[in-house]
Each structure stands twice: as C-alpha cells, then as structure tokens.
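Chemist: For the sequence shown, my numbering puts the final residue at 910, and the numbers step up evenly by one.
Treat the hints with caution; some may be incorrect.
Below, simulated EDC-like cross-link-like pairs (lysine to aspartate or glutamate); rule was C-alpha separation at most 16 Å, straight line [unchecked claim]:
#, residue 1, residue 2
1, K831, E850
2, K847, E867
3, K883, E866
4, K870, E850
Derived CB-CB ranges, DEER-like [as the list claims (entries may be wrong)]:
#, residue 1, residue 2, range
5, C904, D865, 41 to 51 Å
6, P873, A906, 46 to 56 Å
7, G868, A906, 12 to 22 Å
By construction, these hints were calculated from the structure, which means they are not laboratory data.
No residue lacks a Cβ here, since even glycine has one placed at the ideal position from N, Cα and C.
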Amino acid sequence: MTCVRALALAFINNGGYKLHPYPLAHLSNLLMMKVSEVESFCNACGLETCTDEEGNKLLPMKQTTFCRPKGGFMRYGLMGLDQFEDQLLNCAAGEGE
814 MTCVRALALA FINNGGYKLH PYPLAHLSNL LMMKVSEVES FCNACGLETC
864 TDEEGNKLLP MKQTTFCRPK GGFMRYGLMG LDQFEDQLLN CAAGEGE
C-alpha cells in the first residue's frame, strides 16, 4: 500500500502545475491518510510542504527531490479502516441485520 501511495505522490508532484501547490487535505483524501501523516509521508519522500496565509498545508509541485527512503517507509494507517472494522464486527455479532 505504501508503495502505491509513493507512486501516486510522485505522479501528483510531477504532473501538477508549478504555480499551484496541491492542498494536503485533498492529498489526504486521495491517499486515505490523515493530513499529519501525509505531511510526514511527503517529508519522508524528500518533498517539502508549506503553509499558506490561511493556515492550509500545501505541497509545492515539480519538486526534484522526490526519493524513496532508504530505510523504508513508516507504517501509515488507512483512513476509514476503523469504521469498516466496526461494521464488520457488528455484522458478525448479528447487529447488522
């Protein structure tokens, strides 16, 4: 999953318009990660993030420093997985009927 996220991040970084930074909140939804995890993930991949005047965290596009960490990636969660697991447990217990 982390390799797929890294590939998606590389495509977004390379494919975006340089004058339009990508909001980490949108990237968070695409990668199914928390915004704080996305920021950490970007930094682990050698990308810098910034904050605009309104306090929104952004990923500047066309950074040439993208790389896969030599030590591997941290373990990142899958946003929404907790709710999915709760639904499965409820169905298994017969509460979903």
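Chemist: Take a quick look at whether K847 and E867 sit within 16 Å of each other, Cα to Cα.
Modeler: Violated. K847 to E867 sits at ~19 Å, over the 16 Å cutoff.
Chemist: Taking the Cβ atom of C904 and the Cβ atom of D865, is their distance within the range 41 to 51 Å?
Modeler: 43 Å, holds
Chemist: Would you mind confirming whether the straight-line C-alpha gap from K831 to E850 stays at or under 16 Å?
Modeler: 23 Å, violated
Chemist: Keeping to a limit of 16 Å between CA atoms, is the pair of K870 and E850 held or broken?
Modeler: 12 Å, holds
Chemist: Please verify whether K883 and E866 have alpha carbons no more than 16 Å apart.
Modeler: With a Cα-Cα distance of about 34 Å, the restraint between K883 and E866 is violated, given a limit of 16 Å.
Chemist: Starting from the range 46 to 56 Å, see whether the pair P873 and A906 falls in it by beta-carbon distance.
Modeler: Holds: the Cβ-Cβ distance is about 48 Å, inside 46 to 56 Å.
Chemist: Is 12 to 22 Å a correct range for the gap between the Cβ atoms of G868 and A906?
Modeler: Violated - the Cβ-Cβ distance for G868 and A906, about 42 Å, lies outside 12 to 22 Å.
When each numbered hint is compared with the structure, violations occur for hints 1, 2, 3, 7.
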